[in-house]
Amino acid sequence: MTGLSTGLGRAAWLVFERDVRLAFRRWEQVTHPVVFFVMVASLFPLALSPEPSLLRSIAPGVVWVAALLSSMLALDSLFRADLEDGTLEQLTLSGQPLGWLLLAKTLAHWCLSGVPLVVAAPLVAEALAAPGGSIGVLMTALLLGTGVLSFLGAVGAALTLGSRRGSVLLSLLVLPLAMPVLIFGARATDLAMRGETATGPLLLLAAMLILAVTLSPLAAAAAVRISLE
Amino acid sequence: MATWTWFHKLSSPPHFYRIAGRLIPWFAIPAALLIVGGIYGGLVRAPADYQQGDAFRIVYVHAPAAWLSLMCYTTMAAAAAVGLVWRIKLAHALAAATAPIGASFALLCLATGSLWGRPMWGTWWEWDARLTSQLILFFLYLGYMALRSAFDDLQRADRASAVLAIVGVVNVPIIHFSVYWWNSLHQGSTVLRKGGPAMPPSMLIPLLMCLGGFTLLYAALVCIRVRGEVLVRERNAAWLRELGPV
Chain L
28 MTGLSTGLGR AAWLVFERDV RLAFRRWEQV THPVVFFVMV ASLFPLALSP
78 EPSLLRSIAP GVVWVAALLS SMLALDSLFR ADLEDGTLEQ LTLSGQPLGW
128 LLLAKTLAHW CLSGVPLVVA APLVAEALAA PGGSIGVLMT ALLLGTGVLS
178 FLGAVGAALT LGSRRGSVLL SLLVLPLAMP VLIFGARATD LAMRGETATG
228 PLLLLAAMLI LAVTLSPLAA AAAVRISLE
Chain W
607 MATWTWFHKL SSPPHFYRIA GRLIPWFAIP AALLIVGGIY GGLVRAPADY
657 QQGDAFRIVY VHAPAAWLSL MCYTTMAAAA AVGLVWRIKL AHALAAATAP
707 IGASFALLCL ATGSLWGRPM WGTWWEWDAR LTSQLILFFL YLGYMALRSA
757 FDDLQRADRA SAVLAIVGVV NVPIIHFSVY WWNSLHQGST VLRKGGPAMP
807 PSMLIPLLMC LGGFTLLYAA LVCIRVRGEV LVRERNAAWL RELGPV
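Taken in order, these protein sequences are the chains called L and W. Counted from 1, the first sequence has number 81 at position 54 by this note's numbering; the numbering is strictly sequential. Counted from 1, the second sequence has number 661 at position 55 by this note's numbering; the numbering is strictly sequential.
Take the hints with a grain of salt, since some may be wrong.
Which stretches of chain W does chain L cover? Using the computed rule of at least three CB atoms under 8 Å from a CB of chain L, they are [what the hints assert, rightly or not]:
id, region
1, 734–746
2, 764–775
3, 779–788
Simulated DEER-style distance windows between Cβ atoms [unchecked claim]:
id, chain 1, residue 1, chain 2, residue 2, range
4, L, Asp112, W, Arg628, 52 to 58 Å
5, W, Trp692, L, Met66, 44 to 50 Å
6, L, Thr226, W, Thr821, 39 to 45 Å
Just some of the chain L residues that point at chain W, by a computed CB distance under 8 Å [unchecked claim]:
id, residue
7, Gly189
8, Ser190
9, Pro207
10, Ala249
Derived from the structure by calculation, the hints contain no laboratory data. Here a beta-carbon is modelled for each residue, glycine too, at the ideal position from N, C-alpha and C.
Full structure from sequences and hints, please.
Structural data, given as structure tokens:
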């Protein structure tokens, strides 16, 4: 087996690079969730009112709910194609620790689904009349929060691989677990918009990210093994 | 060593099926006595609250339901972990049997809480921390049951839902504290607090009776439901055919 002669770092890099390269070939996989994010956020002014003071007060919540929904949408592409063409099976059989490979896969997914949201966030924040000084905190919070969502979602996506009607089920599983992210993310954004310091919730988000990065690849690996049986 | 063989024997489906069948009345009858006694004590004998009047009496259903909704989730996750690690089918059956009971208690807790909130807070629903974390707990139960029902193969359903239950139980404290930090209006804990319970014995004893009764009710229900799970899982086994029609 050549799998064992490849070092851990090299194996993770290969998985990461492969996922990023594939995403660039199937570009809509990256762009659709961002377009969805912007669209959901633009529904709220239409549904409520274009009044800037109202928009400013709901902006943190709207941005985060839209980010949460968009990340649910993006999760579907995390494992499904790899399951269908047998890549996931090969990864499981490669002799490398599956949790480690899934960590690399999830990191790639975070870069491809989270980072575009972070980039699109200033646009949405501006459209919702958020004060300019809060954009930095919003982007930091989104970067950390989408990380947690990717890692939590990886467990959900792996669990629903072998099931019928995956994507609705996936949201049912992951949304309740993702509520702390919503709470702290929206709170950090809200504090920043009021001109106060948002260090507390940002640090809590970072702590959740560390916990998720540490534990969720193991759970995801167990789930993938169950799905492939 | 003796406990280990006992444990092994208990985890064999035919043995458990018989034991659970025999245990049901031993749980159900005390449960009925305790619940009837506790409800009588709570609704008739206990004095009215100086602040909340008679409305507080719903606590005799509300608090046991809240306690059990949490206990069921813990039981479910523990059973799921045991099933996943030692591959004991019966533990998975216990987890599967517990989920709908826990979800029902969570719903009961939300419903009674809402009835209680109407006269006390003037609203059916308040986005308060405890209510919200109870609601999220209910969602977690729904997710667990949805995942179970999405698989045709029982063994895969068992193992996938076990992973979810364990992930959930790691997250429950995080959800709980984040929601508390977010907002709290609910009254503080009355029974478990520093300096002893803030309740006279005439109120407290019926509450404890209800807590015990509801817990025994759970034990009786879970025996019935695990027996059902065993019947489904072992439907082709020889020992069931020897047992004759049930």
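Interface hint for L/Pro207, Cβ within 8 Å of any Cβ on chain W: With Cβ-Cβ at 4 Å, under 8 Å, it holds.
L/Gly189 as chain W interface residue, shortest Cβ-Cβ below 8 Å: Hint on L/Gly189: holds, closest Cβ of chain W at ~6 Å, below 8 Å.
Coverage of the region 764–775 of chain W by chain L, judged on three or more residues with CB within 8 Å: Held - the region 764–775 of chain W has 7 residues with a Cβ nearer than 8 Å to chain L, which meets the minimum of three.
52 to 58 Å as the expected CB spacing between W/Arg628 and L/Asp112, which holds or is violated: Once the Cβ atoms are compared, 53 Å apart, the range 52 to 58 Å for W/Arg628 and L/Asp112 holds.
Confirm or reject the claim that L/Thr226 and W/Thr821 have a C-beta distance inside 39 to 45 Å. With a Cβ separation near 44 Å, L/Thr226 and W/Thr821 satisfy 39 to 45 Å, so the hint holds.
Are there three or more residues in the region 779–788 of chain W whose C-beta lies closer than 8 Å to some C-beta of chain L? Held - the region 779–788 of chain W has 6 residues with a Cβ nearer than 8 Å to chain L, which meets the minimum of three.
Using a Cβ cutoff of 8 Å, are there at least 3 residues of the region 734–746 of chain W near chain L, or does the coverage claim fail? Per the Cβ count (3), the hint holds.
Restraint: L/Ala249 near chain W, CB-CB cut 8 Å. Satisfied or not? holds, 5 Å
Can you let me know if the beta-carbon spacing of W/Trp692 and L/Met66 is within 44 to 50 Å? holds, 49 Å
Is the interface hint satisfied for L/Ser190? The criterion is a beta-carbon contact with chain W at less than 8 Å. holds, 4 Å
Violated hints are absent here; each numbered hint is respected by the structure.
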